[in-house]
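Going line by line, the protein sequences match chains A and B. Numbers 39 to 248, taken from the numbering used here, label the letters of the first sequence in order. Numbers 2 to 517, taken from the numbering used here, label the letters of the second sequence in order.
Derived by calculation from the structure, the hints in this document are not laboratory data. Among these hints, one or two may not hold up.
[As the list claims (entries may be wrong)] Partial selection, computed: residues in chain B whose CB lies under 10 Å from chain A:
no. : residue
1   : Glu40
2   : Asn83
3   : Thr123
4   : Ser126
5   : Glu127
6   : Met497
7   : Arg498
[What the hints assert, rightly or not] No more than 30 Å apart at the CA atoms, straight line, and that leaves these computed lysine-lysine pairs for DSS-like:
no. : chain 1 : residue 1 : chain 2 : residue 2
8   : B       : Lys56     : A       : Lys91
9   : B       : Lys459    : B       : Lys445
10  : B       : Lys438    : B       : Lys424
11  : A       : Lys91     : B       : Lys424
[As the list claims (entries may be wrong)] Partner residues are not named here, just some residues of chain B that face chain A (Cβ under 7 Å, in silico):
no. : residue
12  : Asp80
13  : Ser294
14  : Val299
15  : Cys390
16  : Ala392
17  : Asp395
From the three backbone atoms N, C-alpha and C, an ideal C-beta is built for every residue, glycine too.
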Amino acid sequence: MTAARETVLGRIRDALVLAPTQDTTVRRAYRTGRSLPDDERLALFTDRLVDYKAQVHTCTADRTAQVVAEVLRERGAQRIGVPAGLDAAWLGAYDGEVQQDSADIAAPRLDALDGVVTASAVGCAETGTIFLDGSPDQGRRALSLVPDLHVCVVDLSTVEAGVPEAVARLVPERPTTLISGPSATSDIELERVEGVHGPRTLAVVIRTDV
Amino acid sequence: MSSTFLGMPATPPRSPYGTGNLRGDRTFPEAAHDELRNEQLRRNLGRATHTIRAKRLNVTGELPDWEELRDAGSALKTDTMNRLPELLEQLERKVTERGGTVHWARDGVEANEIVTRLVKATGSSEVIKVKSMATQEIGLNEHLESVGITPCETDLAELIVQLAHDKPSHILVPAIHRNRDEIRQIFLKEIPGIDPGLDNVPAHLAAAARAYLRDKFMTTKVAISGANFGIAETGTLCVVESEGNGRMCLTLPDTLITVMGIEKVLPRYQDLEVFLQLLPRSSTGERMNPYTSMWTGVTPDDGPQDFHLVLLDNGRTAALADRIGREALNCIRCSACLNVCPVYERAGGHAYGSTYPGPIGAVLTPQLAGMHAAKDDPNSSLPYASSLCGACFDACPVKIDIPSLLVELRHQHTEESGTTVEKLAMKAAAGVMKRPKLYTAAQKGAAIGRVMAGRDGKISHLPPPFDGWSDSRDIAAPPKQTFRSWLASAEGAATMRAAANEHEKNQKNQKKEEEK
């Protein structure tokens with residue numbers, strides 16, 4: 039094993055001697071550090087989410103529980119999973135069964151759930167992307183993946199204008215999932231079809247005053 | 002330690018001949034000739050590539066800083082290649098610190114052995130796979146099957162290819178050569194217990210794949226993936242996908258084995274801000290792909306608790322040793338160059354005989370696996386599988402100058418192939434052109450060409466050694482008369498005299514104008 043390591047590294051060094059390198063400077067002349075007013079970010083984020091067939095609901099923080107309950111009821115979700123660190127008040131108006139997640143719950147048991155409710159870490163308006171980072175209110179990756187409905191609560195203050203601004207807010211070592219709309223494929227005649235292995239429905243609840 | 006800093010540096014080896022999927026069994030023109038007869042294939046490809054082209058132009062056009070992003074992407078990859086040893090060592094250190102295990106593979110054979118050993122250690126006889134070019138390149142599936150391990154492709158297109166016992170024909174959409182009716186037929190024939198009433202609606206076909214793979218995701222203990230990016234600074238690996246099969250494989254099994262080419266490393270986490278814009282927009286023509294997963298080693302209570310990273314050379318260092326050719330290593334496998342290529346659009350991916358088809362494949366494949374002229378290697382035909390129109394260069398998100406790389410490979414191939422009949426003929430032509438009398442005689446001989454050409458005035462088959470030229474193009478028949486014999490004739494002399502008079506008259510008029 040170490041022999042292979044030394045050989046490969048040796049080959050790379052040899053290659054860089056045989057064909058000398060050209061000096062290069064990385065210029066980041068693309069747009070960074072952008073900020074947009076709340077209403078513009080909300081409009082852009084919403085437009086992009088809808089374009090990728092996500093359902094978008096907008097509310098103020100005090101109405102979180104009602105909106106979450108309405109979305110779950112609309113989709114007929116009777117049993118849902120939630121990460122252990124989710125604000126319990128968000129489910130105050132939901133009358134179905136709630137399974138609090140823990141690491142020992144096997145994937146088939148997640149498959150038996152009708153949906154999952156999580157928070158989110160960061161958003162990106164320009165691409166309609168939501169970033170989950172495994173924080174206690176978002177849970178482990180399997181939880182937001184296996185159930186067929188994902189209700190994701192996004193606070194507008196965490197939504198950045200573009201990709202550089204959003205990436206800058208991430209903690210690299212955390213297991214991070216970027217979600218842009220529901221699962222999709224373009225594998226048949228390059229025609230986009232929503233809904234393959236991930237949740238077939240993504241409902242985003244944007245809280246405008248948080 | 003190796004002998005790196007002692008004595009002369011050695012040229013690194015290509016991917017070993019006869020291993021993996023980097024070489025077809027016949028030349029590009031031979032393979033393309035057959036593919037071109039398949040009208041269904043051409044219709045499928047034409048439709049698909051035109052759809053994706055329009056989408057790509059829409060989403061790249063809406064970014065005012067697209068060119069600046071391309072410049073940054075290109076510079077980042079060049080910087081990466083310049084510092085490859087230190088970056089790989091840093092990546093290895095970071096992954097190890099976070100609980101992962103790093104393996105190094107000199108070639109595909111070694112990588113296959115490492116993966117097999119790791120799978121066997123788990124006791125599992127089945128693995129689920131995320132679509133990966135690197136494992137396709139080294140023929141991992143074929144190897145696993147030969148030792149009794151069943152690999153299950155989970156990407157929809159890879160599944161279609163696997164079920165049809167077919168080969169991928171596109172980097173991004175490996176089943177692009179199949180249309181919905183063919184896919185329906187494959188599913189009906191190959192998926193056990195499938196609803197016989199399945200129709201050809203893409204959404205229904207996708208749903209059938211979901212149902213088929215669901216159980217595999219829930220029960221298989223080992224997954225194998227590739228990687229789009231590996232961040233040296235943090236040890237973070239990144240997989241970009243659409244369907245969620247990637248998330249399933251990267252999250253649910255106990256053991257994850259990732260096979261990554263050494264050129265996929267990036268210096269900083271921040272660099273993702275460039276590539277997460279370049280890749281999806283160039284690849285599927287989306288502002289962002291539905292899912293991207295990033296993980297760093299092992300996270301307690303979340304995802305696989307046993308993580309292995311296999312760093313693969315397999316000819317990459319040989320490409321790196323080529324001052325011009327190394328640019329091909331900057332490729333981020335978006336497939337934009339395939340979708341805009343007039344040759345790919347007609348010939349299809351199978352004609353290239355390699356895991357990497359299209360314009361980038363025509364440069365990358367010979368770089369990784371070489372062109373063995375003496376063995377009449379199909380790979381030596383790849384640099385000629387292009388009209389050098391340059392559409393690929395314009396589409397490339399990291400600005401790889403593919404046409405220049407193709408020309409350089411053609412040059413290398415000609416240099417290496419030694420004395421050929423064609424070369425001798427060229428030499429003879431040079432000798433003739435130096436002697437005017439001989440040249441005139443030779444031109445008269447060319448009139449024979451008019452006999453070879455039919456009524457349409459085209460020659461479609463030249464005699465050897467020039468048949469290579471006419472294999473892929475028609476030649477116009479030589480004119481009745483050469484220019485030199487026309488000039489010497491009465492008609493020629495009269496025309497030249499008239500032209501001279503005209504010129505004189507014009508000059509006189511001009512002078513008069515100036516005097517006024």
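Okay, the hints, checked on the actual structure:
Against a cut-off of 10 Å between C-beta atoms, the interface hint on Glu40/B is violated, since the closest Cβ of chain A lies about 16 Å away. A least Cβ separation of about 4 Å between Asn83/B and chain A falls short of the 10 Å threshold, and the interface hint therefore holds. At a threshold of 10 Å, the smallest CB-CB gap from Thr123/B to chain A is about 17 Å, leaving the interface hint violated. Against a cut-off of 10 Å between C-beta atoms, the interface hint on Ser126/B is violated, since the closest Cβ of chain A lies about 20 Å away.
For the restraint placing Glu127/B at the interface with chain A, the shortest Cβ-Cβ distance is roughly 16 Å, beyond the 10 Å limit, so the hint is violated. Among the interface hints, the one on Met497/B is violated; its C-beta lies about 53 Å from the nearest C-beta in chain A, farther than the 10 Å criterion. For Arg498/B, the interface hint is violated, the least distance from its beta-carbon to any beta-carbon of chain A being 58 Å, above 10 Å. As the CA atoms of Lys56/B and Lys91/A are separated by approximately 17 Å, the hinted pair is consistent with the 30 Å bound.
Annotation: proposed proximity of Lys459/B to Lys445/B holds, straight-line Cα distance about 19 Å (limit 30 Å). Distance hint between Lys438/B and Lys424/B is fulfilled; the C-alpha atoms sit about 23 Å from each other, no more than 30 Å. For the proposed pair Lys91/A and Lys424/B, the alpha carbon gap of about 60 Å is over 30 Å, so the pair is violated. At a threshold of 7 Å, the smallest CB-CB gap from Asp80/B to chain A is about 5 Å, leaving the interface hint in force.
Look at Ser294/B: its Cβ gets to within about 6 Å of chain A, closer than 7 Å, so that hint holds up. With 7 Å as the threshold, the beta carbon of Val299/B stays out of range of chain A, its nearest partner Cβ sitting at about 10 Å, so the hint is violated. For Cys390/B, the suggested interface contact is broken, since its CB lies about 22 Å from the closest CB of chain A, more than 7 Å. Interface restraint check: Ala392/B against chain A, minimum CB-CB distance 18 Å, threshold 7 Å, status violated.
Of the supplied interface hints, the one on Asp395/B is violated, with its beta-carbon coming no nearer than about 19 Å to a beta-carbon of chain A, more than 7 Å.
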